[in-house]
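Engineer: Build out the structure end to end from the sequences listed, making use of the hints.
The lines below spell out each chain.
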Amino acid sequence: MDFKKQLKEGLLTKNPVLAQLLGMCSTLAITTSLFNGLGMGAAVTIILICSNVLISALRKVIPSQIRIAAYIVIIAGFVTMVDLLLQAFLPDLAESLGVFIPLIVVNCVILGRAEAFASKNGVLASAVDGLCQGIGYTVALVVMCVIRELLGSGTFGGGLLGENGAGIQIFPADFAALQMIMPVGGFLTMGFVVAGFQWLLRKVENKKKEGSK
Amino acid sequence: MKKESTLMYILRLTVTLLAICAVVALALAGVNTITKDQIAANKAAKTTAALQQVLPGVTDVTEVSFTDATGTVRKVYKGESGYAVEVAPNGFGGAITMMVGVSAEGQVLGISVISHAETPGLGAVAAANTDKGVSFRDQFAGLVSGITIGDGENQISAISGATISSQAIVDGVNAALECVKKLG
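Listed in order, the protein sequences are those of chains A and B.
When we follow our numbering, the leftmost residue of the first sequence carries the number 8, and every step to the right adds one.
When we follow our numbering, the leftmost residue of the second sequence carries the number 1258, and every step to the right adds one.
Think of the hints as simulated: they come from the structure by calculation, not from any bench.
Honestly, I wouldn't trust all of these hints.
Stated by the list, open to error - Within a straight-line C-alpha distance of at most 25 Å, the following computed SDA-like cross-link-like pairs (lysine to any residue) qualify:
1) B:Lys-1389 x A:Ala-36
2) B:Lys-1300 x A:Leu-110
3) A:Lys-127 x B:Thr-1271
4) A:Lys-15 x A:Leu-131
Claimed, not checked - Here chain B is said to cover these stretches of chain A; the calculated rule only asks that three of the stretch's residues, wherever they fall, bring their Cβ under 8 Å from a Cβ of chain B:
5) 70 to 82
6) 95 to 109
The C-beta atom is built at its ideal place from N, Cα and C for all residues, glycine as well.
Structural biologist: Okay, here's the thing in structure tokens:
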């Protein structure tokens, strides 16, 4: 097990959102304020760790023919638990994320990691994988949130900082492009962030190749 | 190793999945028991807070039974200064549950959104505790039945980018006003 390598994969080379392009639906929908991004990222990370651990522990018991059904039941169980706990103890966040919490069930990041990693690796490695992928997911969400919130409503830290959680106003809301917090802004931001990210990755890779020559 | 018979094979798959489902169901029942009361308490607190907001200074309310044809009106409470009507018009992301305070003369006293699933940053502004949200909701004060979107008499201006959510709230307020008209 190599924590450093797994963290690098989760954050960079195999970032669930920016490199594997998984879990797009919630990524496009909820990245409108910093609070949403952090909350969603935390929820997904917790569920990812739990489901990875359990699926990894049961990987020899679950027959491969019914593995997808078994994974979905396990994931749905954890998602519902997180949903209920959020509603009970963090009602503000539950309200803000709304339907996207129950929709984590069909978030490909989680099923993808169950299939690609947890079903083939040990419990500890799977837990670390869940954590690293979760961090990668959260970072990607936060980057998109910051860009969209700044351009779309002219604020930073919406839902967390400022008066009544309205965020810190960087420039007047009248100059903000509302489109950026609408779905079209989600797609635009996604495209540019992924392109920029891939360009950076490529650049670093090329430099490494040249260095080894 | 002996080859597994078809029956055993089917049984093995079924029993494994059944066992997983049973364990997950048990765990969920456990979490539900822990959170049930807290969730109910959160909802009750929200309703009380909403009542306080739409009927200022209310101390005692009684529930009035009311059935309307449209199904928008959920509950009607009668307080000292008027009625508080819980309505659930259809917004962009499902029903918007909100409380509308109506004076005995049929004027809006105030509105408060209890729960909704509108788009964050757009329709959700209508329910948010920000300047924008508060000024949107304050527009309704003093209006009478038949509110529309616009900038004239008895009209409110919609939240930009959230026409459907704004219209839903207008529908809800109108339904509440109609309801009080029928009761009064």
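Engineer: Now, for every hint given, state plainly whether the structure supports it.
Structural biologist: Verification of the hints:
1. B:Lys-1389 x A:Ala-36: Between Lys-1389 (chain B) and Ala-36 (chain A) the Cα gap is close to 21 Å, so the pair holds against 25 Å.
2. B:Lys-1300 x A:Leu-110: The given pair, whose Cα atoms are some 22 Å apart, holds under the 25 Å limit.
3. A:Lys-127 x B:Thr-1271: Holds - the C-alpha atoms of Thr-1271 (chain B) and Lys-127 (chain A) are around 23 Å apart, at most 25 Å.
4. A:Lys-15 x A:Leu-131: Since the Cα atoms of Lys-15 (chain A) and Leu-131 (chain A) sit roughly 17 Å apart, the hinted pair holds (cutoff 25 Å).
5. 70 to 82: holds (count 7)
6. 95 to 109: n = 7 at 8 Å, threshold three: holds.
Comparing the model with each earlier hint shows no violations; every hint is respected.
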